[in-house]
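Top to bottom, those sequences are chains S, L and X.
With our numbering, letter number 57 in the first sequence gets 57, and the count goes up by one each step, no holes.
With our numbering, letter number 164 in the second sequence gets 164, and the count goes up by one each step, no holes.
With our numbering, letter number 39 in the third sequence gets 39, and the count goes up by one each step, no holes.
If you are wondering where the hints come from, they were derived from the structure by calculation, not from laboratory data.
Any given hint could turn out to be false.
Which copy is meant is left open, so a pair is good if it fits within one copy or across any two.
What the hints assert, rightly or not - Distance condition first, Cα-Cα at most 25 Å in a straight line; then the derived BS3-like pairs of lysine-lysine:
| id | residue 1 | residue 2 |
| --- | --- | --- |
| 1 | K174 | K60 |
| 2 | K114 | K200 |
| 3 | K60 | K196 |
| 4 | K200 | K174 |
| 5 | K196 | K114 |
| 6 | K189 | K174 |
| 7 | K198 | K60 |
| 8 | K114 | K225 |
| 9 | K225 | K174 |
| 10 | K225 | K198 |
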Amino acid sequence: MAVEIHPTSIIHPGVELGDGCRVGAFCELGVPSPLAENDRLIIGRGAHIRSHSVFYTGSKIGDGLRTGHRVTVRENMIAGDQFQIGTLSDIQGHCSVGDHVRFHSNVHIGQGAKIGNFVFIFPYVVLTNDPTPPSEDLQGVTLEDYSIVATMSVVLPGVRVGSGALVGAMSLVKGDVPPDSIYVGNPGKVVGSTAKIKLKNGEPAYPWRRHFHRGYPDDIVRMWKAEFA
Amino acid sequence: MAVEIHPTSIIHPGVELGDGCRVGAFCELGVPSPLAENDRLIIGRGAHIRSHSVFYTGSKIGDGLRTGHRVTVRENMIAGDQFQIGTLSDIQGHCSVGDHVRFHSNVHIGQGAKIGNFVFIFPYVVLTNDPTPPSEDLQGVTLEDYSIVATMSVVLPGVRVGSGALVGAMSLVKGDVPPDSIYVGNPGKVVGSTAKIKLKNGEPAYPWRRHFHRGYPDDIVRMWKAEFA
Amino acid sequence: MAVEIHPTSIIHPGVELGDGCRVGAFCELGVPSPLAENDRLIIGRGAHIRSHSVFYTGSKIGDGLRTGHRVTVRENMIAGDQFQIGTLSDIQGHCSVGDHVRFHSNVHIGQGAKIGNFVFIFPYVVLTNDPTPPSEDLQGVTLEDYSIVATMSVVLPGVRVGSGALVGAMSLVKGDVPPDSIYVGNPGKVVGSTAKIKLKNGEPAYPWRRHFHRGYPDDIVRMWKAEFA
């Protein structure tokens, strides 16, 4: 399948785009940088990169990437398959991202972040890394599989958000969040288990893979349905 | 009056621009989408769309639109006259906006929002819609006429902000806000009536239409002056 | 040294770029405006302006400017040397900025701000100016030399943040912050002196110029080293 690149976009040397990739208007891919670990940008099959986006060299991204508009990805990000990056998101690079991760609009990922699989990050979330700004003491944030960080939350340096945990909107996450727990507030704290949250229909809202299947591959949805049958 | 489109900008089929519209550089208007209810983008007379902005199909906007730079408007927004959208604002579509609404920079409008007339939204405000993220239980936010949401506030799903109410900076709006009341904090609460807030000159600051008239049409300003004479 | 301008970028009349300036793709410099105090944009030597950035007329900036992508600078900003403006930052103009100031990504500077020398501002910080929005009672924020405002904080109108003070992440700054003090919370308050914060190695973290020297000129670093020897 052919690669489709809008004629206004700039593709630097060293960029590899898999079969069926589409690149919108006014993008710049493969920006060279002395901070990049290598002079290549590797993007898997079927990517859809929307207009005004900028990717530096040194990153490697799996199949099925989908971005909004005006996304920035700096040097040295390693990301898995089916990664979604919302409009205006700003990934500072030097980070790792698992499979099936979804960032909504305007997410800011500080260097050193380690993001698992099936993680959700909502608008205006910041993953920080400097406990004593400005300093050279960088400590990235870890988000484990299936965790969710809701809008306008800040995760402080070195914090680990456990598997399936939910950080509520506008929370300042100062300490580790245990798996499957709810963390809210500024300053934030654990306020219970995600098990107590219900959907409108009365069914449990978490783990969200019980009910939320939009856009995931059939084999994964089948597995999730079997898990909660 | 002629329409003026910068030669670098991309105008897809189905875009209708009223008399006297101006479109800045590096814009893309009428992006086709399977999510759009129709394949048109209709923008009234005298619009000024600044550089790097992106509008999808399915939206209809009245006269006098004015945008900052790098604005995004997704599918199926119905908006009134004299709409101002600040730089970097991100409207997710599937929403309605009244007349004379003003968004400052970097406002994020989730799907399902219902925004009245003469509403003000300040930078980094998020109108959410998903009470149990991620889920399909979407509940849009309602902002009634003359209401104001100050900078860095988050309005939670399904909340109604009453007519003339003021949400203070960095507030997490968890419940409905009565008309003409002040709501602040995280978690937020009603802390009084807007009637107690004064301008520097000692006059009442609210309803703001008593004193703030910059950029409104003469007939409206005359009406407001008569109302508070 | 030659000036290098990407062929896709738009340079309006009245723009002066010093020796060795580089301008990335899809930028627009010197946007004319009736709000500008003059019809010029003056940028000193060695600037590096990254892609998709927009600068209006009426501003004057010293040597060594460095910007991220998609930066906006409106009318009438006076800025010193070695100014760094992160990706997506939005400077509303009518403000002053000292030497060696660093804005990280997505900083919003309201009109009337007075920013000293060696100031750090982190992502999603808003400097406001309107105590009774919307109104014409504008009161800019003052940030004194060496002060630091951490991510997602809002500084309310007319507030002065003292020299060397640290505003913690997600703080709502309602009153003046004394020099070398720590201010945190929503609503925020002073919680102590920066002297009590240590680096990982046990050394004092503040004043940060004791230990953080990345990117500053040799003569300044030598002076700082002598100060704390």
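Hint-by-hint comparison with the structure:
In this assembly of identical chains, K174 and K60 lie within 25 Å of each other by CA distance neither inside one copy nor across copies; the values are 31 Å within and 40 Å between. For the identical chains of this complex, K114 and K200 are inter-copy neighbours only, at 21 Å across copies versus 33 Å inside a copy, given an alpha-carbon limit of 25 Å. Neither within a single protomer nor between protomers do K60 and K196 lie at most 25 Å apart by alpha-carbon distance, with minima of 39 Å and 42 Å respectively. For the homomeric pair K200 and K174, the shortest alpha-carbon distance between copies (17 Å) is at most 25 Å, but the shortest distance inside one copy (31 Å) is not.
Proximity of K196 to K114 under the C-alpha cut-off of 25 Å is found in neither arrangement, the shortest distances being 28 Å within a copy and 30 Å between copies. In this assembly of identical chains, K189 and K174 lie within 25 Å of each other by CA distance both inside one copy and across copies; the values are 8 Å within and 18 Å between. Proximity of K198 and K60 under a CA criterion of 25 Å is satisfied in neither setting, with 38 Å inside one chain copy and 36 Å between copies. Proximity of K114 and K225 under a CA criterion of 25 Å is satisfied in neither setting, with 28 Å inside one chain copy and 35 Å between copies.
With identical chains, the CA atoms of K225 and K174 are never at most 25 Å apart, being 35 Å at best within one copy and 33 Å at best between copies. Taking identical chains as interchangeable, the C-alpha atoms of K225 and K198 lie at most 25 Å apart only when both belong to the same chain, with a minimum of 18 Å there against 50 Å between chains.
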